[in-house]
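Novice: Using the hints provided, position chain U relative to the given structure of chain C.
Chain order of the listed sequences is C and U. Oh and the first sequence: position 176 is 175 in numbering that gives the first Met the number 0, straight run, nothing missing. Oh and the second sequence: position 312 is 311 in numbering that gives the first Met the number 0, straight run, nothing missing.
No lab work stands behind these hints: they were computed from the structure. We put the CB at the ideal spot given by N, CA and C, even for glycine. One or more hints might be untrue.
Per the computed footprint, the stretches of chain U lying under chain C, defined by three or more beta-carbons under 8 Å from a beta-carbon of chain C, are [unchecked claim]: (1) 57-69; (2) 148-158; (3) 250-260.
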Amino acid sequence: MITTLALARFRLRPVPWGWLAVLTAGWLLLTELLVAVPRDPQVGVVVVRWAALLLGLGGVVLAAPETDPPRDLLRAVPVPRWRTLALRLAGWLALGALAVLVLAVRLDGTAGWTAADLVRGALPNFLLATAAGFLAASLTSVLGGGAAAMAAMMGLDTAGRAWPAGFPIQLRSLPGGPYWQVSRVWMVGLSLALVTVALLLEARADTRVGLPRRRRPTARPSPASQARARP
Amino acid sequence: MIALFGIEARHLARSPLLWLAFALAAALAALEMSWYLPALAGDDLLAYTSGGLLLSGGAVLAGAWLGLRDRVSGAADLVAVTPTAPWRLWRARLGSVAVAAAGVFSVGFAAALAVSVVRGGRGTPDLRLLADGALAVVLGGWVGLAVGRVSGSRMVAVLAAPVWVVLCFLAMAGPSLRGISLSVQYLSPVLNPQNRSAAYGLLPDPLWPHLGYLLGLTGLVGVLLLALAARASSQRIPLRLLLVVAAAGLVLVVTSAVRLVALPDDVLVLGPDRASWQPVYGESNPQAEALFADPNWSFPADDQARACTRDAGVSVCVYPAYGQRLARDMHAAIAPVARLFTGLPGAPTLVRMVPVGMGSCTNAEAQVPEAWVREPAGRSDQQTRSFYRGVYLDCALGLHPGGSGHLAEAGEAVELWALLASGEVTREALQGMGRDAEAGHGSTAASVAALAMAELPTEQVRAELAPVWTRLRAGTLALAELPGQRP
Numbered sequence: 000m001i002t003t004l005a006l007a008r009f010r011l012r013p014v015p016w017g018w019l020a021v022l023t024a025g026w027l028l029l030t031e032l033l034v035a036v037p038r039d040p041q042v043g044v045v046v047v048r049w050a051a052l053l054l055g056l057g058g059v060v061l062a063a064p065e066t067d068p069p070r071d072l073l074r075a076v077p078v079p080r081w082r083t084l085a086l087r088l089a090g091w092l093a094l095g096a097l098a099v100l101v102l103a104v105r106l107d108g109t110a111g112w113t114a115a116d117l118v119r120g121a122l123p124n125f126l127l128a129t130a131a132g133f134l135a136a137s138l139t140s141v142l143g144g145g146a147a148a149m150a151a152m153m154g155l156d157t158a159g160r161a162w163p164a165g166f167p168i169q170l171r172s173l174p175g176g177p178y179w180q181v182s183r184v185w186m187v188g189l190s191l192a193l194v195t196v197a198l199l200l201e202a203r204a205d206t207r208v209g210l211p212r213r214r215r216p217t218a219r220p221s222p223a224s225q226a227r228a229r230p
Numbered sequence: 000m001i002a003l004f005g006i007e008a009r010h011l012a013r014s015p016l017l018w019l020a021f022a023l024a025a026a027l028a029a030l031e032m033s034w035y036l037p038a039l040a041g042d043d044l045l046a047y048t049s050g051g052l053l054l055s056g057g058a059v060l061a062g063a064w065l066g067l068r069d070r071v072s073g074a075a076d077l078v079a080v081t082p083t084a085p086w087r088l089w090r091a092r093l094g095s096v097a098v099a100a101a102g103v104f105s106v107g108f109a110a111a112l113a114v115s116v117v118r119g120g121r122g123t124p125d126l127r128l129l130a131d132g133a134l135a136v137v138l139g140g141w142v143g144l145a146v147g148r149v150s151g152s153r154m155v156a157v158l159a160a161p162v163w164v165v166l167c168f169l170a171m172a173g174p175s176l177r178g179i180s181l182s183v184q185y186l187s188p189v190l191n192p193q194n195r196s197a198a199y200g201l202l203p204d205p206l207w208p209h210l211g212y213l214l215g216l217t218g219l220v221g222v223l224l225l226a227l228a229a230r231a232s233s234q235r236i237p238l239r240l241l242l243v244v245a246a247a248g249l250v251l252v253v254t255s256a257v258r259l260v261a262l263p264d265d266v267l268v269l270g271p272d273r274a275s276w277q278p279v280y281g282e283s284n285p286q287a288e289a290l291f292a293d294p295n296w297s298f299p300a301d302d303q304a305r306a307c308t309r310d311a312g313v314s315v316c317v318y319p320a321y322g323q324r325l326a327r328d329m330h331a332a333i334a335p336v337a338r339l340f341t342g343l344p345g346a347p348t349l350v351r352m353v354p355v356g357m358g359s360c361t362n363a364e365a366q367v368p369e370a371w372v373r374e375p376a377g378r379s380d381q382q383t384r385s386f387y388r389g390v391y392l393d394c395a396l397g398l399h400p401g402g403s404g405h406l407a408e409a410g411e412a413v414e415l416w417a418l419l420a421s422g423e424v425t426r427e428a429l430q431g432m433g434r435d436a437e438a439g440h441g442s443t444a445a446s447v448a449a450l451a452m453a454e455l456p457t458e459q460v461r462a463e464l465a466p467v468w469t470r471l472r473a474g475t476l477a478l479a480e481l482p483g484q485r486p
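Here chain C stands alone, though its shape is the one from the complex (with noise of 0.2 Å):
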């Protein structure tokens, strides 16, 4: 037990948890101030959605070359890299998720939206930011995933206007509109693709380094066992 634990501080430290927790609190109360501002309330939804997108760029630090430089170093090591990558992307969607499911609490009834509709509008948007930013950091740096997710997020929000009818995401879509259900959909299915491949990336990286594939035990002894055993 203690190992483990040991391991999974080992594998979260690199990444600077006190600083997220301190942005994504400083998130949640400085959109509920703007959510405040505008005189009407159907823009104070849309703050808090584009808000949503905003926190998912906290994501791109769990990836990031920079987070951990000896990142050769680290993918010789027995564990895969990637499964710490996955161990920090569920904790960082933990913590974002919970910072919005309490937005959307206190904002509930904001323009008629009620705090599921609200979750349901956000947290796809900020799984989605999250995980184009955790693949483009993956492959880039801090600066390049959040400009790379910046980019995919304003690319969809065009492609949706562009093509309102035809394009499956819709990052503007409405609770009760004809797009809403697929726009959530799409979006947490494309989320999942984009991390499927980014730990899929990593994991051939692992391989490419010379890490040794661990073998699951064998019912048959070893040869050391078998010479333990002998009298």
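Specialist: Relative to chain C, chain U alone:
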């Protein structure tokens, strides 16, 4: 120094961050432009707003990367011991960011105008928008430099760009913010003017004071960065020059900001004479709405709509910025129905583009507000033609185009007959409309009456309509009194 400047400028010009923003800005500008009729005096604003905001965000990122580079690459110590004074190095960097940022914006702006020309846009673009957008992007780049230099954090650098864009957005949304009565929207580094006429320009026009405001802000950020660089060095900086630039920047920012926030949110052009223009504060102006709803109000003659297409029945005149093609298209849609009503009292002989209003109809002139025509977003060609015809027909049949009234049944029947007789609607379609009407949409009687009128020769219908025309326009004519109706 020049070599250093050249190296940094080339480096930045190859920055994927800046070009990523450029690609997005180009896509957004292309999308926005596709929603509007092409006009150089209009597309320049679209290129400015969509390009300016995204490119300034990209410039923040690229600048932040440059500000961080020494620290990230481990060259900070090396740079510190070179004989070149750090402030000179930073001066070269500021210059390179300025050249690259302004260059990228200029390329985008020129490309947008070229596309507009190819699509048929005419008129004179406002080159102050180019200067303003370039300055806004330069300011973004310099702010990014400052963020990278001061924070030294990659994450802060990443977040700086969206925060910058969000701040610009919030400032742009000035009139819709709670508790703010000043026009703070003009303090955003990138403007988002809502009212632009191809003939009357930006309403109101904040560009001159905004240019001063941006120039002052850029100067202040530049001075701040040079002072920061000089602080860590023993080599002297021309302090007097810096102080002069800082003081001039501050004066420019304050005086320009005061002028900007005093501007109205909108200006209502009620005639060619500037004295008649009314400032609008807030989102709506009840006075203007009341004025436009008045059926007797019309925009005075201003000789601005000079691109005309005419025949014996009707002339269509639009602003030259939209080109002769728009006048031809509108005329082609209107002429077939106009021929049927030529000579009848009150039937428009001129359809003229005006900058404001809800459409008006006086003295045989139908006025079409520029915004209605310029924004065909979401309308098919068929719908656009139908819209042009509608402006004429409403006017001819005595309906105030912007009003909330409806045609009387007789007026509706004559409208349907005109569409049928001009070949815009087929008999089958009209019979289908009759069936729809039975299901609750529109009037069956009007469709039946229109079909009965269509049985007669067009000239006979015209001749029989002439004596009852005034009553028809007044809405007092009964359906049974129309030509071809059985008693």
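Novice: For each hint, tell me whether it holds in the structure or not.
Specialist: Going through the hints against the structure:
no. : hint    : verdict
1   : 57-69   : holds (count 5)
2   : 148-158 : holds (count 5)
3   : 250-260 : violated (count 0)
Hint check: a violation occurs at hint 3 only; the rest are consistent with the structure.
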